[in-house]
Amino acid sequence: MGPFEYFEPATVEEAVSLLKKYGEGAKILAGGTDLVVMMREREIKPRYVINLGRIAGLNYVHLDGDKGLRIGALTTIAGLERAPELKSSYRIISQAAARLATIAIRNMATIGGNLCNAAPSADMAPPLLALKGAVKLTGTAGERIVPLEEFFIGPGVTTLKPDELMIEIQVPAVPAHTGGMYLKHGVKGAAGLAVVGVAAVVTLDIRDSVFEEVDIALGAVAPTPIRAKRAEALLKGQKISDGLIEEAARVTSDESSPIDDVRGSAEYRREMVRVRTWEAIRGALKLAKSV
Amino acid sequence: MKQRLELKLNGEMREVFVEPWRTLAEVLRDELGLLGTKVSCGTGDCGACNVLLEGKVVSSCLVLAPQAQGREILTIEGLATPEGLHPLQEAFIEHFAVQCGYCIPGMIITAKACLDENPDATEDEVRLAMSGNLCRCTGYVKVTEAIMAAKEKMKKSVSGTGYGKGR
Ligand SMILES: Cc1cc2nc3c(=O)[nH]c(=O)nc-3n(C[C@H](O)[C@H](O)[C@H](O)COP(=O)(O)OP(=O)(O)OC[C@H]3O[C@@H](n4cnc5c(N)ncnc54)[C@H](O)[C@@H]3O)c2cc1C
Ligand code: FES
Ligand code: FES
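These protein sequence lines map, in sequence, to chains A and B.
Using the working numbering, the final residue of the first sequence is 292, and nothing's skipped along the way.
Using the working numbering, the final residue of the second sequence is 197, and nothing's skipped along the way.
Nothing false has been slipped in among the hints.
Here are the simulated SDA-like pairs of lysine to any residue, each with C-alpha atoms no more than 25 Å apart in a straight line: (1) A/LYS133 to A/VAL147; (2) A/LYS28 to B/THR73; (3) B/LYS32 to A/TYR49; (4) B/LYS32 to B/THR73; (5) A/LYS28 to B/CYS71; (6) B/LYS86 to A/GLU9; (7) B/LYS86 to A/LEU194; (8) B/LYS86 to A/VAL38; (9) B/LYS32 to A/GLY54; (10) A/LYS28 to A/GLU44; (11) A/LYS46 to B/PHE47; (12) A/LYS46 to B/GLN33; (13) A/LYS28 to B/GLY72; (14) A/LYS240 to A/SER291; (15) A/LYS88 to B/GLU153; (16) B/LYS183 to B/TYR170; (17) B/LYS86 to A/PRO85; (18) A/LYS28 to B/GLY100; (19) A/LYS46 to B/ASP60; (20) B/LYS32 to A/GLY26; (21) B/LYS86 to A/GLY193.
For the record, the hints were derived by calculation from the structure and aren't laboratory data.
As the structure is a prediction and not an experimental result, all values here were calculated from the model.
Please construct the entire structure, taking both the sequences and the accompanying hints into account.
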């Protein structure tokens with residue numbers, strides 16, 4: 002690994018000016034669990050490494066009633082797994098965090114790193130997509146807020162400009178009678194990457210037994226984490242029925258475009274999308290009824 | 031260029047000069063001669079290099095040396111006291127949870143983190159906490175037995191000066 006020049010900015014402004022100065026040759030380091038692996042395997046050779054780890058105030062989970070949830074980009078995955086703020090309405094986030102890698106990785110890995118690394122299998126992406134999350138970026142040109150859906154462009158590629166950092170993840174308030182479930186389908190249990198990841202967030206109109214709002218997001222089955230919009234549209238406003246949920250699971254599977262790789266064939270993945278989506282919608286529905 | 035690195039290592043301040051692209055695992059082994067921490071995969075997958083950083087278990091093969099600057103590190107060498115071995119170390123011996131031993135320092139460190147955080151961990155919780163530590167010879171049954179036995183010992187000694195949080 003190396004050589005590179007190493008920086009530890011004390012503020013976001015300092016980090017941005019380092020990025021501006023060193024441009025494409027620079028790489029941000031957060032928890033390092035993706036970056037250090039890539040540097041060790043010589044997939045990338047940055048000349049400048051900028052560690053955000055000493056910047057204070059980017060590690061937080063704030064819950065603010067009708068304004069929703071804000072998470073600092075440097076919050077660790079282990080921190081999310083344990084956050085008391087994520088035990089009820091936003092439980093799907095801590096659920097996904099608990100399934101990401103091993104405890105030794107979760108203690109280092111950050112949510113910002115998971116999203117900025119932009120792996121199609123990133124476990125934090127489907128729940129945040131299904132919760133209609135957005136990310137706050139800051140750079141030389143100032144701050145901007147990008148819906149997470151528009152943030153991912155391809156495997157490892159995002160809308161981040163070379164001089165931009167992610168500083169916050171924002172999630173709107175969750176209406177009453179909403180439930181969410183993330184299911185990670187993997188071969189190695191807790192420690193492996195997702196073969197298929199499915200997040201479903203369902204809001205119920207309790208009186209009429211109708212799907213008021215449904216958001217479904219998938220990981221590891223397309224070049225980026227995606228939303229299953231046709232399946233969402235199929236369910237929205239409709240009366241809840243087993244047949245309809247089965248149909249939505251089939252449509253979700255059609256919306257996925259997985260590839261064959263060491264973790265699973267495309268055909269297997271498509272089938273698992275169907276099975277896990279069916280399970281996730283039913284699970285989310287059950288939770289929505291209970292709150 | 032080499033930079034000064036200070037660590038609070040196993041309760042003692044240590045100082046070395048290393049390049050920023052060296053990993054904490056390399057610093058411990060190559061610069062400080064603490065060979066208890068092992069490196070196997072080098073990519074975060076096996077847990078052989080696990081140490082405690084500020085009380086939290088991390089894979090030291092993925093930690094850049096300067097990320098540990100000024101921080102507290104506990105390695106397997108820091109576990110025993112002049113009075114004797116740590117209950118986890120004793121239990122691993124008593125329960126024959128060691129064959130070649132390569133994975134064991136990482137196993138014990140991870141188990142310590144698990145029990146420090148959750149002194150009443152159930153067997154399932156222990157297995158989950160240990161799921162990132164791979165062993166190619168002993169298997170996991172005896173390791174789990176040893177940790178569950180150590181848990182009981184540690185609970186008894188927590189009230190004394192023994193092996194609660196920290197060391
Ligand atoms: C053994 C192992 C198992 C893993 N298992 C899983 C798993 O099950 N699921 C999963 O989703 N991931 C997994 N990962 C991948 C990784 O741990 C996660 O993606 C993690 O969240 C990355 O966060 P980090 O802070 O370590 O990122 P880093 O490695 O520090 O950074 C990752 C990338 O994002 C950029 N970056 C980081 N933070 C910012 C920021 N604030 N602004 C702009 N750019 C930024 C970096 O420049 C880099 O390109 C695993 C990794 C390992 C080593
Ligand atoms: S050597 Fe660090 S996790 Fe395997
Ligand atoms: S005892 Fe040999 S690898 Fe575990």
